[in-house]
Every structure is written in structure tokens, then in C-alpha cells.
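Using the hints provided, position chain Y relative to the given structure of chain P.
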Amino acid sequence: MKVKLLLRNPQDYLRETADDIHKLARNPAPELHPMSAETEYVRALNAAKLERVFAKPFLGCFGDQGDQLSRVCMHPRALSLCLSGCVDGRVAFWNIPRRSRVLQLDAHSGCVQGLCWHPEQDLFYSCCDTDRTLKAWRVGDDLVEFSRPVSQRHLDFAPLNLDHHVSKDLFALSGDAVYLYDSRRSDPVGQWKWGSDSVLQARFNPTEWHLLAAVTKDNALLLIDTRQREPLRRIRCEFRQNALCWNPQEPFVLATASDDYNLYSWDARRLASPACVYRGHTNAAMDVDFAPTGRELVSASYDCTVRLWESGRSQSRDVYHTKRMYRVFAARYSLDARFIVTASADFNLRLWKARASEKLGALTPRERAAVNTAEALKQKYAHHPQVRRIVQHRHLPKRLYQAQLEMKAIRGKQRRKEVNRREHRGEDKEPFVPERDRHVRGVDE
Amino acid sequence: MKNREDSDDDPLEEEAEATMSAGEEASADVPEEDHAALLSGLRRTLKVDGRRRSERRPPSSAMDVHGLRSAGGAASSMRQILATALGGQAAKRAVGQELRAAKRRHRVLEAPAKLTEAKSQRIAAYERANKDLGRWYGYVERNRLSEEVSFPLPATGAPRPQSVSDYRQRARVDIAVAMSADPDSAKGESGAAPTTSAPVVDDLESRLYRRLYNQTAIAEAAGLAAGNPQQQQQKNPNQLDGAKVRERLASNRRLIARRHFLEEKLKRQSRIKSKSYRKHARRAKLKQEEAELTALKDSDPAAFAERMAALERARADERISQRHRGGSKFARQQKLRAKFDDAARQAVQDMIQRGKELTEKTDGDANGDSSGEDSDAKSSGDEAAVQLPEDLVDDWNDGTAEEDKDETVPASLRPARSTGLSAASSTLASSAGQKRQQQQRSLELDLSHMPSLPTVDAAGDEDGDALEAASSRRSLARLRTDELLAEEVAETEADAKADFEREKAAVADEEQPKDVDLFLPGWNTWTGPGTRPVSEERRQKFVIKAPRRKRRDAAHGHVIIRERLGAGQALRRHLVKGVPFPYANAEQFEGAMRA
Chain P
1 MKVKLLLRNP
11 QDYLRETADD
21 IHKLARNPAP
31 ELHPMSAETE
41 YVRALNAAKL
51 ERVFAKPFLG
61 CFGDQGDQLS
71 RVCMHPRALS
81 LCLSGCVDGR
91 VAFWNIPRRS
101 RVLQLDAHSG
111 CVQGLCWHPE
121 QDLFYSCCDT
131 DRTLKAWRVG
141 DDLVEFSRPV
151 SQRHLDFAPL
161 NLDHHVSKDL
171 FALSGDAVYL
181 YDSRRSDPVG
191 QWKWGSDSVL
201 QARFNPTEWH
211 LLAAVTKDNA
221 LLLIDTRQRE
231 PLRRIRCEFR
241 QNALCWNPQE
251 PFVLATASDD
261 YNLYSWDARR
271 LASPACVYRG
281 HTNAAMDVDF
291 APTGRELVSA
301 SYDCTVRLWE
311 SGRSQSRDVY
321 HTKRMYRVFA
331 ARYSLDARFI
341 VTASADFNLR
351 LWKARASEKL
361 GALTPRERAA
371 VNTAEALKQK
381 YAHHPQVRRI
391 VQHRHLPKRL
401 YQAQLEMKAI
411 RGKQRRKEVN
421 RREHRGEDKE
431 PFVPERDRHV
441 RGVDE
Chain Y
1 MKNREDSDDD
11 PLEEEAEATM
21 SAGEEASADV
31 PEEDHAALLS
41 GLRRTLKVDG
51 RRRSERRPPS
61 SAMDVHGLRS
71 AGGAASSMRQ
81 ILATALGGQA
91 AKRAVGQELR
101 AAKRRHRVLE
111 APAKLTEAKS
121 QRIAAYERAN
131 KDLGRWYGYV
141 ERNRLSEEVS
151 FPLPATGAPR
161 PQSVSDYRQR
171 ARVDIAVAMS
181 ADPDSAKGES
191 GAAPTTSAPV
201 VDDLESRLYR
211 RLYNQTAIAE
221 AAGLAAGNPQ
231 QQQQKNPNQL
241 DGAKVRERLA
251 SNRRLIARRH
261 FLEEKLKRQS
271 RIKSKSYRKH
281 ARRAKLKQEE
291 AELTALKDSD
301 PAAFAERMAA
311 LERARADERI
321 SQRHRGGSKF
331 ARQQKLRAKF
341 DDAARQAVQD
351 MIQRGKELTE
361 KTDGDANGDS
371 SGEDSDAKSS
381 GDEAAVQLPE
391 DLVDDWNDGT
401 AEEDKDETVP
411 ASLRPARSTG
421 LSAASSTLAS
431 SAGQKRQQQQ
441 RSLELDLSHM
451 PSLPTVDAAG
461 DEDGDALEAA
471 SSRRSLARLR
481 TDELLAEEVA
491 ETEADAKADF
501 EREKAAVADE
511 EQPKDVDLFL
521 PGWNTWTGPG
531 TRPVSEERRQ
541 KFVIKAPRRK
551 RRDAAHGHVI
561 IRERLGAGQA
571 LRRHLVKGVP
581 FPYANAEQFE
591 GAMRA
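In the order they appear, the protein sequences are chains P and Y.
Note that UniProt numbering has the first sequence beginning at 1, numbered continuously upward.
Note that UniProt numbering has the second sequence beginning at 1, numbered continuously upward.
In isolation and in its complexed conformation, chain P is listed as follows:
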């Protein structure tokens, strides 16, 4: 007797467990699926909708700090640690995943203006403009050790910010000028100033270590080489730049947060105009930070929101707000670029996801595949109006929504006026000025 056998792989049609979904055989021949394009479109729409359904970016609040928070500083090596500086002079040390305060110090007698970690040692610095001191603190297993500063120095100027060199024992203090300090010496090793107004913030380029960028109160952006006696260049802007940040992956790119509600990114090699203008906030931008990937930006604003941006795209990718969050003064990315910590005027530190709809925790391979598919679909159909509408839609509080509408109206009016003027006076008398070229008053060499 002859027995005919068909060879089949049980994995193709049997489920692994009884709780699993039933496997369905599918013939992938395209002629059998004449509606495949339509199906795919609907799946893209659904993926976009589900992204919005799962968009829950707010992870938690760290608890009342007693006063407005002015600074946040992430640990340079540990993912889970961060520091916060308070207006009343207290500095807190946080464990992020537990949302618990490890310790709190009465560090200064006024607002903590600068906070930064030592890149290699368990040491951090803080400075204050009221008591004009710079203090170094050691973080060890012994909390007693933690409660007293390791060293302290009195300054003859009011420090407004602080940044540590990436590898050397140098830090930059900004006050009435930019001062470069060596931790082993009492006097500054370098000093740069252009104009009479004080410097708000100066930061080291993380890659080209000898380069510093600084923003000043007289609306200028300075580029400084620590090997030179004088700053290299000064860019006079229309409005004050409140904060700045270098791109960690692209050494010649830096971003500034401006008082004119915008963020600007600059190419240090071509400082005549910003490389990109990021529009969207409805009040002054107070802080800006690049993601460690160098592809995204986060900005904190006086309009009580946090916005996320893709580097080089002038529209924000997302906007975060809560009912209780007030003016946001600082925002920082975590080391893995997945989380954001913000400090705001409502005495609270908040933790957010960088991707609003990302699922936290381990993903099963099937989940991972589904996420990847959804991403690919959204990307493919990104230009379709309905998909774009769903992906871009954000529910905003009425106040923000109205402010946005107002800004839109103002902008529209200005544009219309410009077009009219160009039509009447002619292209040569009223040439078109691109958005990038409108925000710089001049460059001093």
C-alpha cells in the first residue's frame, strides 16, 4: 500500500499556546489581493489613530519642592540620577525611576543659577548670584559627606550660569563676562567679554572642547575660542537668547532659545543667519536641549508648555502640557534620549516620555513587529491629508489654542502686507527676505 504524505511544518499552522491567536494561512500572490492598496491605507489611518490613542507622555511628578525650580542637571553617566536647583537656594538629588528625592541640601542663600556635574568624578558644582559663591559637592555613599560642600569659593561677580568642560577640570562661569576656571586654581584662567552687558549662559562644545558659545543680555550670541584672548564673533539678534545648547552629534550645530518665542539653530561656520527657525511657542522660550542622538530638540517655554522638535524642521513634533504645569524654566533629555525632565514654576519636577505613544518596558517580538509596521505605514502615508491631520492633531488648552490662533493671524497679516508692498513697489525695492534672514541684526567680526 502506498501512502502519500504532505510535508508540512507545524509551526506554520499551529499556535504556540492555547491563548495565542489562531494562525491564518495567507497566499501572498498579489493578484489574489486586488484591494491591498486600500487595505494598507486604512491600516495606515488606524496606525495614526492608535498612535494618538496611546499618546500618554506624562509619566509623573516628582513632588513639591517648596519653591520655583530654576535648573535641572542630568547625571553624565547614570541614567537614573538628576539634580534640581531651586529659587530658594536648595539643591535636590533625585532618583528618576523611583521618583524619590535622595537628598536635599540648603546649598545657597539665593536662586541656584548654575548646576553641573563633574564628567568623571562623583562631584557636582552649584553657583548662586545672590551669595556670589561657587560650591563643589561630593556625592558618595556617605550622606554626611554629601551634606557639606567639598570646596567653596567666593566670586567677585554674580554668576548667572555654569558649565563644565567635557574632560578637563575646567568650568565656564558666566556673569559680567565669561570666566574660565581651573578647579585647582583660585583665579580664572581666561576671561572673555564683548559689549557691556552680562552673559546669561556659556557652554562648551562637547566635541571641539576649546570652543564655547555664549548668549548675552544685549541680545547677542558669542562664539569663543578658549585659546584666543578675544571672542571670535558676535551675532547681534533681534531679541534676547535665553539659553543655548550644542548638538552632541554635530559639532558645528548649536541651538538657542529666544525671547521672541522662537528657537534658532545655528551653524557655527555660517553665523550670518540661523540655519533653522523653530516656530510654535506662544511665549518666550526659556531653555533648550538637544537629545543625545542629536536629531531632536526639547524646549521649555514661558507659555507653560514643553515642545519637541525634529532637528531642522521648523514645526514642532509634539507639545506637552498639563493642567497644573506653570512656566517651564528648564528641560533636559535623559541619556538614552527616551525621557525628558522639566522644571517649572509650580515647584515641581516632571518626567515625560520623549515619544508620547511609546510603550515602556520590554516588547515581545510580535509587539515589536507591530510597532515597526505601524511606524513604516505612518511614514509611507505621511503625505496623505487624513493621516497627516490625525498625526498632527493636538488638543490644546483654550488659552494656548487662542494664543496660537492669534499668532497665526498676526503672521498672516504681516505676510499679506509684505506681499502687497512687494506688488506695489516692485520686487527690486521690496525684495523677498527669507524667514532665516529676519532675525539677525548684524555680525561683528
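Source of the hints: derived by calculation from the structure; they are not laboratory data.
For every residue, glycine included, the Cβ atom is placed at its ideal position computed from N, Cα and C.
Zero decoy hints are in this set.
Ranges of calculated distance between the beta carbons of each label pair, as one might list FRET restraints: (1) Y:513 to P:60: 47 to 53 angstroms; (2) P:34 to Y:298: 27 to 33 angstroms; (3) Y:141 to P:362: 33 to 39 angstroms; (4) P:34 to Y:273: 32 to 38 angstroms; (5) Y:135 to P:21: 52 to 58 angstroms; (6) Y:577 to P:424: 26 to 32 angstroms; (7) P:385 to Y:141: 29 to 35 angstroms; (8) Y:502 to P:21: 55 to 61 angstroms.
In silico negatives: residues of chain P with every beta carbon more than 10 angstroms from chain Y: (9) 12; (10) 22; (11) 64; (12) 87; (13) 135; (14) 153; (15) 184; (16) 261; (17) 284; (18) 408; (19) 420; (20) 442.
Frame of chain P, contents of chain Y only:
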């Protein structure tokens, strides 16, 4: 003080004063108003601002005292000097030279060297910094374009995540290994020695693969063949060495084994009785033949012609056999042939037609020649036609004929002539047509009753009265005809209007979304006789009313605006309006969406 005030005075006034001092006696008798008018005229023409002082001060001796007169004299002397200086061309040149020399002598002072040096140093330093930064450009660009970004988490020696390109590279190597180890899959059954250009990778996976599929000899041979064929030839151009002999023997053995396998396979296949298997095999064979033919057409036209001739012979054989069936082997082959030959296609069609004719069952009654309309009428109500008297049947036929002739009535309004319709309702529906026919008939009758009109030659014979009478009769006749025609026109107009309204109502009804009745048929009826049927009120509760839409043509009595619902309108929202940014044209974008 006074002097300064004077010097601030209107220059025109001064000049006027100067001229006045020149001829004081002459101007003494000139009236004051005239002089003011002259001055204002001068001001207007010379456009000199005279706002500072509106009225003229008379010349006084005090002015002389302060030497104003002398100042005027100085001005005149200056003017004289200028006039002499500009007198000749040579003088002008001299002045120009002097001016240029003066300019050269008095240059604006440059910034102190300390400042310029600092600036140039800054610029140089900036350029150096630019250069340093610019070195990162390639890295940054690559990073921007890459699918994945790796950023270091310090103090952890975590390996770099495996990128997509790495994975692809590995996959490619795997495939290459599989190809080199499995010559049948790569080369088909041609039996040629495996000579893949892909390198034979000797890693664990490939070794396992070879061991599993017992292809060690093949892979090794491939490795040898790929490794040093030329060297061997150079070593022994004429003589075969041991290795080569062994290799050749091995290849012979392989060939024999392969042939044996093939024979076995064919034998096994020939024993299979499964119908579906045969069907599949047949189809596969046909497909293969087709592919071969297509390939032959391009590669070897002679062979192609031969194959076509063979097919032609097969066709001739089939014609002899008289088996005119669509599914025969011949037909299948012809279908294949028809791809290249129109005549063959025609032949297949002919054959099928012929087969149909031959196999058609012959009918007893000769009703085949009746017209389509009649057969329609018959099919619609042949039972009724049998029972109805002949005149009614005639009427029915007339009516339908009339209806069919009337092309102006839209299709939607024509009475439906489905088989389910009863004869009585059909006659009712066609009553309008009948009526019209009767009207026509009556019109004809009326015209026939009219007195015959005299011919032209008859009119010549008769007298004036007769003529008059004839003309009056003629006019009367014309009048009656006109009336009748007008009536007829009015009636047809009314008919057309009614038709149009009916059509419009039908369109509106068609485009109006329908109510959805969710009432279950049979509800409350299965309990048997005697139970009360569900009340209409209760039934209506289950009906979901469709929203009443306002039609765009509601206000226009003479227009039908068709509102296409659904598809077009709803779809428009989903369409991309322009070509999005990275794409240059619509084709590119469409291609990207298709992929």
C-alpha cells in the same frame, strides 16, 4: 549779537539790500508793496526759504557801522575771484588739480593698529575654528543619512547595535553559501558543474549545510575548480593528473546518478492516477511549453518555425478527426499558438462555433423566426395572451409597439416588462400610448372629412363667388388644421412636462437615502393563527429614517441636477493634493507609494 542775527538773515534779502545800496536814489520812490511782491516772486522762483522774517528791514546806518556793507563787499569780491578762476579752461583744470591734491593730503585717519590687528586676529582665529569644525562635516552628513544613530552611553562598554546594513551583508553571504552548496537550485537540471562566482565561505553554517545535505564533494569540487583551474592547466597542459581524473570520474558518476534519479522520478510520476495531479501537471507542461516557445521566438527563429509547423500539422489532424471540442488537446495547443498567430485564434473560435452548431438540439416547433418584441411580449404574458380575446391581444401588441417606438420617454419611465408583471397591469401602463394613437387616428379622420380642395386648373374655370367660397373654405380648413395642431402640440407639451416631472421625481427618489427597516419579518407570526399581528406603530419604531436632503435642483423647475453621492465626494478628502516635498513629480511619488 546783532551781527550774528544779521548773518543768519535771508540771503535774498541781503542781496536785495546790496542792490539797493548800489542804486538807492532809484529805488527811493518805489512803493513798499511792489518791492515786497518782487521779493516774494524772487523767493518763489529761487525757492529760497523766507520764513524767518516776513518783513524787510530798511537799510540803516547802524549796519554800515558794523561792517555789514563790507561783508557784502567781501562776498562780491569772492564772486569776482571765483569768476576769474573759472574763467578759462586752464584755470578750471588748475582748480581741479588743487582739489584732488587737497583730498590726497587730508585722508581720514585709519583705526589704530592695535584695533585692526585684534580684528584680523579674530577673523583668522574664526577661520581656523571653522576649519576644525568643518572636518566633522562628512561624519555629520553620514550620521544624518544613516537609518540608525549610535550615541555613546559613557562608562559602559556596550557593543554598537547591529545596523541594518550589517544584517543585510550577513544575509547576502548566507544566500551565497546556500547557492554554492546547492547547484540544482541555482542551475536547474542542466547538470552543469556549479561555477558560482560567490565565494565559498567556510564557516560553521556552510559546513553544517554541506554535511546535512551531503554536498561536501560538490562544494569541495567547486572550491577546487574556482580556486586553481589555470594553475593546473599550466602545470599539465596535455596530461591529466590524478586529481583531475578523479574529478572527471566523479562528475561522470554524478551525471549517471542524476539521470537515474530523473528516470525514477518520471516513473513514479507516470504511475500517479490523481486527477488533480494530472490537471496540475498538464497546466505546468503547457506553461513550460509556452515559455519555451516565447524563448525560442527570440533566440532561434528556425526552431520556432518548426514548432509552429508541428502545431499546424496537429491542427490538420484535428480537423480530420472532427472532434470540435474546446477543451481538447488541439484546442489548448491552438490557444497557445494563437498568441503568435491571429488565424489560429480564428480557427479556435470557428471550431467552437462549429461544435456548438453541430451539438445544438433541434426543436419541434418552428417559432425561431419570431421577432424579439413578440418573443418579449410572449414571455411576459403568454398565459394571458391565450386567455384574452384577440382584439385585446392586438391592442396589447400595438401598445407595446407604440411604446418601443417612443424613444423620447426615458428608460426609467418605460413600463417594466419583466416576467413577473401581469398582462393587465401592462395594458394599464401602456394606456397612455394607446390614447395618443387614438388621437392621431381622430386627427386623420377629421382631415378626411374636410371638403376636398379645388385644384388650380379647376379654380380657373369657376367664377369669383366660387373662388371666394373656395378661399373661405380653404382658410376655414387651415384654421381648423391649425387649431387641431395647436391642441396636439399643447397636449404633447403637457405630456412632456408630466414625463419630465416624473423623471425628476424618480431621480430625486433614487438619490434620496432610503429608510432602513430593522423590523424582523415574521416577528410575532409564528405563534400561529389567532394571534394579533404587530401594530403598525410598533413596526414603525424599528424604521430608521434617512435624513431628508435638500436637493440643489429643488428651486429650478426645469432642471435635473444629479448629485452623485458617495464615491467621488467622500474620496476627495483622502487624496493628496500636490506633489509632496522630496518628490520631483507625480510619477515619482506614485512609484514610492506603490512600492
